[in-house]
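Work out the full structure: start from the sequences and follow the hints.
2 protein chains.
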Amino acid sequence: MKNKIEIAEDWWKWGAATNRKKLAEYPKLKQFLEGKLQTNLDDVQSAPTFELETEEESSVVKNFKKELPHIIIQTDIAQKLLKSIGKSYHDLLFAFHHEKLDIPQAVVCPKDQEELQQIISWADKNKTILVPFGGGSNVVGAFLLKDGMTGRFVLDLSKLNRVVEINEEAFTATFEGGMYGPELEKLLNDRGFTMGHFPQSFEFSTIGGWAATRSAGQESSHYGKIDDIVISLKVMTPAGIVNTSMYEGDAEGINLKSLFIGSEGILGVITEVKVKIHRKPKTKKWLTAIFPTFEDGANVLKQLAQNEYSPSVVRYSDEEETAFMIMYTITKPSLITDTLEYGAKAFLNLKGMSKPNILMIRFDGEKPDVDIKVKFATKLVKNHKGFMTGEGLGKKWEESRYGLPYMRDDMLERGLVVDTMETVLPWNKIEPMKRELKARLENSEAYGGEKGVLLAHLSHIYASASSIYFTVITKMDREQAFEQWTEIKNIVTDTIVEFGGAVSHHHSVGHDHQKWYLQKTDEVTIKILKAVKNTLDPNGILNPGKLFDE
Amino acid sequence: MKNKIEIAEDWWKWGAATNRKKLAEYPKLKQFLEGKLQTNLDDVQSAPTFELETEEESSVVKNFKKELPHIIIQTDIAQKLLKSIGKSYHDLLFAFHHEKLDIPQAVVCPKDQEELQQIISWADKNKTILVPFGGGSNVVGAFLLKDGMTGRFVLDLSKLNRVVEINEEAFTATFEGGMYGPELEKLLNDRGFTMGHFPQSFEFSTIGGWAATRSAGQESSHYGKIDDIVISLKVMTPAGIVNTSMYEGDAEGINLKSLFIGSEGILGVITEVKVKIHRKPKTKKWLTAIFPTFEDGANVLKQLAQNEYSPSVVRYSDEEETAFMIMYTITKPSLITDTLEYGAKAFLNLKGMSKPNILMIRFDGEKPDVDIKVKFATKLVKNHKGFMTGEGLGKKWEESRYGLPYMRDDMLERGLVVDTMETVLPWNKIEPMKRELKARLENSEAYGGEKGVLLAHLSHIYASASSIYFTVITKMDREQAFEQWTEIKNIVTDTIVEFGGAVSHHHSVGHDHQKWYLQKTDEVTIKILKAVKNTLDPNGILNPGKLFDE
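One line per chain: the protein sequences are D and L, in this order. Counting with the working numbering, you get residues 1 to 550 for the letters of the first sequence. Counting with the working numbering, you get residues 1 to 550 for the letters of the second sequence.
Hints may contain errors.
Identical copies go unnamed one by one, so any copy, or any two together, can satisfy a pair.
Straight-line C-alpha distance at most 35 Å; calculated DSBU-like pairs for lysine-lysine [stated by the list, open to error]:
#	residue 1	residue 2
1	Lys395	Lys367
2	Lys22	Lys345
3	Lys282	Lys379
4	Lys28	Lys66
5	Lys429	Lys159
Rather than coming from a laboratory, the hints here were simulated on the basis of the structure. It should be emphasised that the depicted structure is a prediction, and the values quoted were computed from it without experimental measurement.
Here is the structure:
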């Protein structure tokens with residue numbers, strides 16, 4: 001018997017309803033997309049109402065309730081749905097196609113480490129699959145299992161959110177893995193400190209999740225990726241607890257920390273994370289500039305990284321993303337905005353920058369250091385045909401740094417594909433790869449040929465390489481949405497990998513990148529990982545099928 | 001039948017004979033030690049002439065020669081001795097007590113990676129123990145096997161010393177594992193670059209060895225430990241070749257690089273190392289100062305690290321080491337040096353620094369940055385009762401930065417114990433641990449009670465912690481030399497571990513620290529390492545018994 005079940009229609013959306021944006025609020029942008037994609041974006045189709053056969057409680061759930069009666073277990077469909085997928089475009093398609101979704105049996109929610117240990121033991125004994133779930137913001141299908149693997153329990157870690165220690169004397173802090181970004185930073189900020197880790201998912205992601213996925217924050221060019229920030233981990237596994245070496249630097253054998261960073265829940269549950277913390281910088285200074293070609297600005301960033309003058313925040317948008325961002329700021333077109341726009345265009349044409357690429361960088365620290373860096377960067381900008389544009393844009397970006405995901409869901413409902421893909425590449429491969437990718441996408445029907453929109457930016461820089469982050473926007477093929485996405489994803493990741501890029505710079509492998517990860521990873525590495533997996537999780541209950549096939 | 005075998009008497013000594021120093025060249029120092037230790041240091045006893053039964057070539061060696069006739073194998077005693085031990089005090093005692101030494105069966109020396117692979121396959125098939133040997137400078141017994149494990153082949157990697165790539169565009173370089181420090185740096189320097197890794201063993205250690213032992217160079221507070229410098233590794237194992245992820249930053253699954261850094265030869269042979277390189281700094285500025293108490297200067301260093309103003313080189317000696325260093329500079333005492341010394345003492349007394357602790361730090365980089373750091377450091381020094389003493393001492397230290405090991409062998413021959421021990425500790429444990437260690441040693445007969453000499457310095461700093469490096473000097477008990485060393489080593493490492501220090505900050509675990517390493521390391525970690533070992537080296541041929549017992 002099928003019942004209509006009352007589920008909030010927006011269960012799959014990003015953040016609180018009051019913070020969400022609609023494309024219609026940005027008429028210039030909407031108009032641009034409608035023109036480019038040759039489509040009408042007023043046809044808003046909400047996700048269909050959810051229908052489900054009423055289920056009998058399974059024997060596994062009954063057994064859990066009997067053996068661990070004190071632990072929270074949720075079997076209502078609303079909770080299970082909420083924690084069945086992450087936030088990738090591919091994941092969100094399930095909101096429109098419920099029938100394809102494998103819904104977990106239950107959500108279990110340990111309130112402390114002891115309960116977590118009991119759950120892991122129970123699941124190990126009963127060979128029940130556990131999929132760790134922190135903030136749920138993952139965008140590479142971290143929570144999807146392979147076809148045929150069903151009956152999973154989602155392990156909701158959000159109550160494991162204690163402060164173990166903030167050591168102001170040693171500049172370290174230790175948190176339980178389920179602590180969310182904003183709470184963690186607030187605790188540190190109140191003491192004058194910061195951890196310096198601000199991924200775009202900051203509001204809805206946890207420190208344990210950051211470690212499990214090798215996350216990078218928007219200030220990673222100064223504070224490092226999570227790999228650099230983490231000093232040590234406590235990890236709970238079916239085989240027992242691992243505490244990795246506790247020092248910032250030592251030669252006490254092999255440090256197993258890195259074995260769990262990026263382990264995507266397959267080896268154990270990251271229970272505690274000890275990190276470096278920093279005094280909040282006294283001075284923050286934005287520098288923004290525009291460049292006539294993408295290469296010019298990229299060269300500035302390369303020079304900054306290679307001269308050890310990396311900014312904290314780096315945001316360098318290509319001409320398409322720059323134009324997109326400008327349209328995204330205009331909520332009420334008027335004679336004034338039109339005149340300003342007209343004037344700006346005339347000015348840019350005069351400067352030979354009809355299609356500018358905008359660079360926004362922020363230097364943090366003590367004022368004298370910041371001054372030196374700003375001076376150095378300013379000179380570089382000028383030497384590379386850049387034109388300085390003041391601090392305003394950077395500050396504006398900062399205000400809305402976590403904002404973009406709030407509009408995507410509305411765009412999906414209006415029949416748009418909106419997906420993001422990212423990698424890290426040697427500096428000299430950035431430009432050729434980007435060019436080739438654009439050409440290949442424009443040859444693809446799934447992308448809409450020349451109608452498709454591709455935006456790109458650089459946001460994490462190294463002496464040897466830079467990340468590059470793409471946003472793909474095109475008209476959704478509502479009938480063949482999964483197939484369309486697969487085709488686009490294949491073109492993008494095939495191209496990335498051909499040019500020597502990583503399958504991901506900061507989103508991890510997950511369900512979506514596994515094919516390429518396995519292509520790229522040597523046989524002996526996989527053997528090692530399997531040996532570790534078999535040692536820690538001999539019954540294969542932890543997020544099975546991720547990274548490698550068991 | 002025993003034959004006297006002609007072996008250069010100094011086979012066990014550090015470096016070239018012409019560079020070696022004798023204690024007698026430093027009369028003030030000799031006089032001080034003679035007074036403090038109440039002994040005469042003119043009784044120089046060379047290591048005894050070597051006597052050995054003539055050996056038939058073993059069937060294993062014959063088999064190797066038959067199956068791999070093109071590969072260099074050395075079975076002469078001189079070569080075998082040279083590569084039987086490292087350079088720890090404990091190792092060097094074997095020079096005086098040959099009879100206790102387990103001499104390898106042979107030294108095999110692959111001239112390229114293909115030969116290395118053949119050797120590993122051969123050894124795996126024949127279950128012959130291979131002990132990888134780079135520069136041979138290890139000071140924790142890296143080359144000693146446990147009692148009863150005999151018949152090892154030493155794997156001399158010195159011919160695997162090719163440049164794979166120096167990529168000036170990407171600021172990376174890749175070298176084969178057997179490349180020595182000076183050659184590597186020269187290649188980079190000629191192109192305007194540096195790797196920034198200068199351990200005291202620099203002249204006689206290899207990049208593969210640095211990685212295998214988690215080495216730290218004297219400039220690690222700027223360039224990082226080898227863990228930070230290495231981007232990726234190629235490792236040859238009996239199970240095949242591992243190439244770790246090639247990016248400076250990525251989220252492409254689990255990065256196995258760290259599994260091999262500090263693996264001490266038990267998992268595979270580090271064949272290629274890809275590292276970050278840096279432009280040679282334009283400005284280097286020494287700042288030296290003296291402090292009335294050890295704590296004052298340590299506080300300056302802590303502040304520098306926590307304010308992200310770490311110098312490149314840090315060298316902060318306690319009062320005993322400061323006094324020692326001053327005596328070590330005086331080769332020809334005269335009325336002038338005596339007067340100067342007298343004057344200096346009078347001056348120091350005036351300043352309330354009868355027993356100064358000397359700090360030497362060097363800041364590198366672009367001049368404006370260096371100026372800011374020097375200014376900041378200078379202010380800190382003054383705020384912590386320090387007295388600035390100019391650049392001269394720092395420059396002098398730099399000239400002789402690799403010099404100290406050249407005198408140790410002479411001190412051994414004169415009947416002195418000279419050993420070094422080091423760790424990393426939270427800042428607030430440095431002082432109490434040092435105090436407790438001194439007290440415990442002074443209660444120990446092996447150390448000579450209050451006659452013993454303990455020198456200490458800090459040389460690698462972090463926001464949370466600092467390394468501390470001890471030199472122990474006392475009168476050798478020539479009859480019970482091994483037992484005496486064991487007692488001293490136990491006191492030192494027990495104390496370090498009790499105060500929460502690592503068994504080593506940059507010398508690795510080896511033979512000498514294994515007891516404490518196993519005490520400190522959790523069961524699950526050992527299980528993981530064993531699983532990896534069994535996967536890569538199922539026959540246990542690679543440096544068996546290190547880190548954990550098989």
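Structure-based check of each hint:
1. Lys395 - Lys367: both (18 Å within a copy, 30 Å between copies)
2. Lys22 - Lys345: So Lys22 and Lys345 pass the 35 Å test inside one copy only (27 Å; across, 78 Å).
3. Lys282 - Lys379: both (24 Å within a copy, 19 Å between copies)
4. Lys28 - Lys66: neither (58 Å within a copy, 80 Å between copies)
5. Lys429 - Lys159: between (43 Å within a copy, 34 Å between copies)
In this structure, the one hint that does not hold is number 4.
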